[in-house]
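Okay, here's what each chain looks like letter by letter:
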Amino acid sequence: MDRKGDFKTDFLRYAYTIGELCVHPENAYRRSNSEYIFAGILLPCLTYLFFALNLGLERQSFLSSATGFKTLLLVFFAIIVGIVTAIVLAGIAYLAGRAADREINGLRFLGSVEYSFGFGLIIELIGLIIRLITGANTTSSFGILGIFVSLIFVFRCYFDLSEEKKYIFALFSALGGILTMLGLNILFFASY
Amino acid sequence: MKIDRNLIFGTVALILTGVCGIFSLNGDIGSILLSALFYIIAAAAVLLIYSYLLPHFIGVNVDWLYYVPFPLMLIASRIILGWDLFMPFYAAGIIAITLDAYSKYKAKTLRGTLMIAGAGTASITLFALISLCGGVVL
Chain A
1 MDRKGDFKTD FLRYAYTIGE LCVHPENAYR RSNSEYIFAG ILLPCLTYLF
51 FALNLGLERQ SFLSSATGFK TLLLVFFAII VGIVTAIVLA GIAYLAGRAA
101 DREINGLRFL GSVEYSFGFG LIIELIGLII RLITGANTTS SFGILGIFVS
151 LIFVFRCYFD LSEEKKYIFA LFSALGGILT MLGLNILFFA SY
Chain B
1 MKIDRNLIFG TVALILTGVC GIFSLNGDIG SILLSALFYI IAAAAVLLIY
51 SYLLPHFIGV NVDWLYYVPF PLMLIASRII LGWDLFMPFY AAGIIAITLD
101 AYSKYKAKTL RGTLMIAGAG TASITLFALI SLCGGVVL
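Note that the protein sequences, when read in sequence, are chains A and B.
By our numbering, the letter at position 152 of the first sequence is numbered 152, and the numbering carries on one by one without gaps.
By our numbering, the letter at position 9 of the second sequence is numbered 9, and the numbering carries on one by one without gaps.
It cannot be assumed that every hint is accurate.
Unchecked claim - When the alpha-carbon atoms are kept at most 25 Å apart in a straight line, the in silico DMTMM-like pairs for lysine to aspartate or glutamate are as follows:
| hint | chain 1 | residue 1 | chain 2 | residue 2 |
| --- | --- | --- | --- | --- |
| 1 | B | K106 | A | E26 |
| 2 | A | K166 | B | D28 |
| 3 | B | K108 | A | E103 |
| 4 | A | K8 | A | E103 |
| 5 | A | K166 | B | D63 |
| 6 | A | K165 | B | D63 |
| 7 | B | K108 | A | E20 |
| 8 | B | K104 | B | D4 |
| 9 | B | K104 | A | D6 |
| 10 | B | K104 | A | D160 |
Said to hold, decoys possible - Short, incomplete list of chain A residues facing chain B, as computed with Cβ under 8 Å:
| hint | residue |
| --- | --- |
| 11 | F7 |
| 12 | F11 |
| 13 | A15 |
| 14 | L145 |
| 15 | V149 |
| 16 | L151 |
| 17 | I152 |
| 18 | F155 |
| 19 | I168 |
| 20 | G177 |
| 21 | M181 |
| 22 | G183 |
Claimed, not checked - Across the chosen pairs, the derived CB separations fall in these ranges:
| hint | chain 1 | residue 1 | chain 2 | residue 2 | range |
| --- | --- | --- | --- | --- | --- |
| 23 | A | F11 | B | N26 | 48 to 56 Å |
| 24 | B | L53 | A | G91 | 22 to 30 Å |
| 25 | A | D10 | B | K104 | 29 to 37 Å |
| 26 | B | T109 | A | F189 | 19 to 27 Å |
| 27 | B | L53 | A | T9 | 16 to 24 Å |
| 28 | A | T9 | B | N26 | 55 to 63 Å |
| 29 | A | F11 | B | D84 | 30 to 38 Å |
| 30 | A | K4 | B | L48 | 55 to 63 Å |
| 31 | A | I130 | B | I80 | 50 to 58 Å |
It should be emphasised that the hints constitute simulated quantities derived from the structure, not laboratory data.
Think of the CB as a built atom: it goes at the ideal place given N, C-alpha and C, for glycine as much as any other residue.
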C-alpha cells in the first residue's frame with residue numbers, strides 16, 4: 001500500500017513538474033536535470049504526430065492516392081521532423097548566444113525548446129478531436145497555430161536569455177521560425 | 001527629440017503585416033484599396049492599444065520585438081515557401097505581445113487582466129474582420 005502511495009506521489013510530482021515546465025519553459029534551461037530533458041522530447045514528437053495525423057486525414061478525405069499506410073508513414077516522418085526542429089531551434093539559440101557574446105548551452109536549452117511545445121500539443125490535439133467529430137478542416141487553423149504557439153514560447157525563452165541585445169535574438173527567432181516552417185513545408189509535400 | 005525605438009519596431013512590423021495582408025486580398029482594385037486603408041487604420045489602432053492605452057491604464061508597455069519575428073516569417077513564407085497564409089502569423093504575433101504584457105503586469109487584478117485579454121482579442125478580431133471583408137481565407 002505504501003509503495004503504491006509512493007508511486008502515486010512520485011508520479012503526481014513528476015506530472016506537476018512537467019506541467020510547470022510547459023507554462024515556464026525558460027525554467028528548464030536553469031535545471032541541469034537530464035531526466036526532464038529526455039522526458040520532454042515526447043512533447044515535440046507528439047505535437048508533430050497529431051499535426052501529421054490531422055494532415056494525413058485531410059488528404060485522405062479528398063485525395064484518392066492517399067491511403068492509411070501513407071498517413072502512417074507521414075506520421076513517422078513527422079516525428080523525425082519534430083525532433084530535428086527541436087534540435088535546430090536549440091542550435092539557433094546557441095548561435096544567437098555566440099553572436100551576442102553570451103554563453104548558451106545548446107543541450108540544456110533543448111529542454112526549454114521541448115517544453116515550449118506543451119501548449120502547442122494541446123492545440124493540435126483539440127484540432128484533431130474537432131476534425132474527428134465534425135470532419136472540419138483544421139490543419140491550417142489549429143495545425144499551424146499550434147506550431148506557432150510553440151514558437152511563441154521558444155522565442156520567449158530566447159528573449160529571456162538575451163538581456164540587452166534583444167534585436168539579435170529577434171532576428172535569430174525569425175530564422176528559427178523560417179526553418180520550422182521549412183520543416184512543415186516538407187511535411188506538406190510529403191503528404192501528397 | 002528622443003526616438004522611441006520600441007515604437008518604431010512596432011510600427012514597421014505592423015506596416016509589414018498590413019502590406020502582406022494586402023497581397024493576400026482577392027477582389028477588384030477598389031475593394032483592395034479600401035481594405036488597405038482599413039489595414040492602416042487597424043495597425044494604428046493596435047499601436048494605440050498596446051503602446052498608449054495599456055501603459056496609460058495599467059502601466060504595462062509591451063516589447064514590440066516579440067512581434068517582429070512573425071512579420072519576417074510571414075514575408076519568408078510568401079516569398080520562399082509560396083504559402084498564402086496571413087492570419088496565423090498576425091494572431092501568433094499578437095498572442096506573443098499579449099503574453100509579454102501579462103507577464104509584465106505584476107498586479108494581476110481582474111480589471112487589468114481583462115484589459116490585456118481584451119486588447120489581444122480586439123486586435124485579432126479587427127484584422128480578421130478586415131481580411132474577411134477583403135476576401136482572405138482565414
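So, going through the hints one by one against the coordinates:
no., hint, verdict
1, B:K106 <-> A:E26, "holds, 19 Å"
2, A:K166 <-> B:D28, "violated, 41 Å"
3, B:K108 <-> A:E103, "violated, 34 Å"
4, A:K8 <-> A:E103, "violated, 39 Å"
5, A:K166 <-> B:D63, "holds, 10 Å"
6, A:K165 <-> B:D63, "holds, 13 Å"
7, B:K108 <-> A:E20, "holds, 19 Å"
8, B:K104 <-> B:D4, "holds, 19 Å"
9, B:K104 <-> A:D6, "violated, 38 Å"
10, B:K104 <-> A:D160, "holds, 13 Å"
11, F7, "violated, 35 Å"
12, F11, "violated, 30 Å"
13, A15, "violated, 24 Å"
14, L145, "holds, 5 Å"
15, V149, "holds, 7 Å"
16, L151, "holds, 7 Å"
17, I152, "holds, 5 Å"
18, F155, "holds, 6 Å"
19, I168, "violated, 10 Å"
20, G177, "holds, 4 Å"
21, M181, "holds, 6 Å"
22, G183, "violated, 11 Å"
23, A:F11 <-> B:N26: 48 to 56 Å, "holds, 53 Å"
24, B:L53 <-> A:G91: 22 to 30 Å, "violated, 39 Å"
25, A:D10 <-> B:K104: 29 to 37 Å, "holds, 36 Å"
26, B:T109 <-> A:F189: 19 to 27 Å, "violated, 49 Å"
27, B:L53 <-> A:T9: 16 to 24 Å, "violated, 47 Å"
28, A:T9 <-> B:N26: 55 to 63 Å, "holds, 58 Å"
29, A:F11 <-> B:D84: 30 to 38 Å, "violated, 46 Å"
30, A:K4 <-> B:L48: 55 to 63 Å, "holds, 58 Å"
31, A:I130 <-> B:I80: 50 to 58 Å, "violated, 30 Å"
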